[in-house]
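One letter stands for each residue in the lines below.
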Amino acid sequence: MKIAVPTSTGPVEAYAYTGGQALDATRPCVVFVHGALHDHSVWTLLARWFANHGHCVLAVDLPGHGRSAGAPLSSVEAIADWLLALLSAAGVERAALVGHSMGALIALEAAARAPERASRLVMVGTAYPMAVSTALLDGARDDPLAAIDSVNAFTHSTLASKPSHPGPGAWLHGANRALMRRMQAGQADVNLFLNDFQVCDRYRGGIEAAARVRCPATLVIGERDQMAMAKHAGAIAEALNAPTLVLPVGHALMTEAPDAMLAALRTALGVAPATATA
Amino acid sequence: MPGYSTPGFDTLALHAGAAPDPATGARAVPIHLTTSFVFESSEHAASLFNMERSGHVYSRISNPTNAVLEERVAALEGGSGAIATASGQAALHLAIATIAGSGSHVVASSALYGGSHNLLHYTMARFGIATTFVRPGDIDAWRAAIRPETKLFFGETLGNPGLDVLDIPQVSALAHEHHLPLLVDSTFTTPWLMRPFEHGADLLYHSATKFLSGHGTVIGGVLVDSGRFDWDAATAATGRFTELTRAYDGFHGMVFSEESTVGAFLLRARREGLRDFGASMSPHTAWLILQGIETLPLRMARHVENTRKVVAFLAAHEKVARVGYPELESHPDHALAKRLLPRGCGSVFSFDLKGSREDGRTFIEALKLFSHLANVGDCRSLVIHPASTTHFRMDDAALARAGIGAGTIRLSIGLEDPDDLIDDLKRALKAAGKATAAPATR
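As they're listed, the protein sequences go chains X and Z.
Taking our numbering, I'd label the letters of the first sequence as residues 1 to 278.
Taking our numbering, I'd label the letters of the second sequence as residues 1001 to 1442.
There may be inaccurate statements among the hints.
To be verified - Pair by pair, the computed Cβ-Cβ distance ranges are:
| hint | chain 1 | residue 1 | chain 2 | residue 2 | range |
| --- | --- | --- | --- | --- | --- |
| 1 | X | Gly10 | Z | Ala1398 | 55 to 61 Å |
| 2 | X | Arg141 | Z | Ala1141 | 21 to 27 Å |
| 3 | X | Asp138 | Z | Glu1177 | 29 to 35 Å |
| 4 | Z | Phe1037 | X | Ala272 | 46 to 52 Å |
| 5 | X | Ala211 | Z | Glu1040 | 40 to 46 Å |
| 6 | Z | Gln1170 | X | Asp142 | 42 to 48 Å |
| 7 | Z | Ser1041 | X | Pro243 | 22 to 28 Å |
| 8 | Z | Ala1237 | X | Gly10 | 21 to 27 Å |
| 9 | X | Lys231 | Z | Gln1170 | 31 to 37 Å |
| 10 | Z | Ser1041 | X | Pro11 | 40 to 46 Å |
Note that these hints are calculated values from the structure, not bench results.
No experiment lies behind these values; they were computed from the predicted model shown.
Cβ coordinates follow ideal geometry from the N, Cα and C atoms, glycine included.
Based on the sequences and whatever the hints tell you, model everything.
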């Protein structure tokens, strides 16, 4: 669905995938926030499940990504403000915030800026600080397509993820590469890759933000993650007093292990199998 | 498993899409010969049907063995995913039927496999999909053929049987200028010789019956999507691809391009095309093709090496009027082949025998190692006379446009000892010469 998000220069149209169901803000809401050079489509299986199991779902495209208009924003704080504005524009007062990688930092910051509006916080494939190497930033600046290939290789932990995403026959390495290239090509005036990785690298407010979060929080991390290594998630987990669920996958948790991610999210969001309604 | 760097082609040919079976520990890919898959619960069943979870329901739609083949070919091609089909023809039909319908139009190269020409010229026309055929190297003709209802550009990486090299960078640039995707038949080249997506193609397919399997035992096809074509942008610009960008009542009101930004085409092809047309591949066939792909790099190198020796022999033979192989300077697409096919131009080519039709018949019948049959890409060497077999439905004018003469003979060079192949050809050429010299008493 399209949502007009108010900004200082007037409303800017944003897109949010609603899981195949019309948005019903009276239901418990789950908001999915993608990571660098991604869009809502990394969440579609999970979004459909929650939308068909009693939830209101918004899987957003961040500004400058996918179907959302506007220039890409250049800080976690600015994107968190945008996310909260989007929820207000959609009539959603309170939501569980689920973010992956860069999106996890955005979800954290949004939950800190408006603690009363976050019912749960789930940080997927996360680390803090999410420092990006100088070599990768240089690569993103000088040869972004080659850097995309490098990131894509580090994102996946196997050549055989089953049952694949969004369905059998999808080659995750190729699909992720195509998605990142599509996002990069969508911005004529901005190097989106460099922008997004700088957003991650520059964010310094994580521990302070964690102190302001009042909702239950959970980390879901991949034990073979080479982008946001599991060993770098401990500090933020401790600051949030959050349990950490570890899946046997790499950074692409939602696509490498869609079933395990669903189980983890059900746990993190308190949606037990017994209470689910088909 | 690798994963920390981009795996090479040979590694992908062995490992992409497959890991030891988690249930049994089987190292080789198991053959999942089952029609259907047990649901964990009613809720699990509903979630699979509603695309909330990924998995297998019924083998017409997907199957674990087929999925390995699909992922492997997609990996080798640099694509986002693939669908295994009952044949190469089924793959072509699936590609067209996914985005075209009555009133649609295709612009296609005139240098096509006869079966593809039939499908487009006769059969699809009966269903309201028209095709304009153009010479593959005539970019102005491609441009002039575009209509408001055009949905697709289509050609073969190496045209059959004249081996016209499709200028994929040029043709795809024109297609994209008009918000159209380019589909290529990559059967003759395989990803070992050329990866069309790297040159601008958007969709491709293989008759996996040929080089991908290599053993000549099964019929199959694979349709691969690059994931690069922006169906939403094309629809916004032209209104053409609403099949992928508007809600589809036939599947949960799904908007495929919203479900998967880079996988919309394959989602509809599988969820509609395999479901409704049903031209799916047997898991046993998928398994056999996988056995072939494991050695594809080794076989293709040998195919090309043998072919070069045979081509050199024929090009120097007094009974041969012409050899149509793009590595020869005499081939019209020689320069293009050097640019797009540096590893070689495959192992299927044609040549013209000097003399009469009778010479041609005698030549083919005198061959002992070469098998006279309607196939290519086998590990065994093959021979056929296109004008009377694969392209027999084409009239003389269409044959001429496809670069086929009455005396054209097509060879598919296999993996035998090349000296033995040359001996066989030498003997048959000598027999053909005697046919001309002998008195006409037969």
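Hint by hint, here is what the structure shows:
The given range of 55 to 61 Å is respected by glycine 10(X) and alanine 1398(Z), whose C-beta atoms sit roughly 60 Å from each other. As the Cβ distance of arginine 141(X) to alanine 1141(Z) is approximately 43 Å, the hint placing it in 21 to 27 Å is violated. Distance hint check: the CB atoms of aspartate 138(X) and glutamate 1177(Z) are about 34 Å apart, consistent with the given range 29 to 35 Å. At about 26 Å, the beta-carbon gap between phenylalanine 1037(Z) and alanine 272(X) misses the expected band of 46 to 52 Å.
Here the CB-CB span from alanine 211(X) to glutamate 1040(Z) is close to 41 Å, well matched to the stated 40 to 46 Å. Against the hinted window of 42 to 48 Å, the Cβ-Cβ separation of glutamine 1170(Z) and aspartate 142(X) comes to about 29 Å, which falls outside the hint. Take serine 1041(Z) and proline 243(X): their Cβ atoms lie about 26 Å apart, and the range 22 to 28 Å holds. Judged by the Cβ atoms, the range 21 to 27 Å given for alanine 1237(Z) and glycine 10(X) holds: they are separated by roughly 26 Å.
A hinted range of 31 to 37 Å for the beta carbons of lysine 231(X) and glutamine 1170(Z) is inconsistent with their spacing of about 50 Å. Range check, serine 1041(Z) to proline 11(X): Cβ separation about 44 Å, and the 40 to 46 Å hint holds.
Comparing the model with each earlier hint shows violations of hints 2, 4, 6, 9; every other hint is respected.
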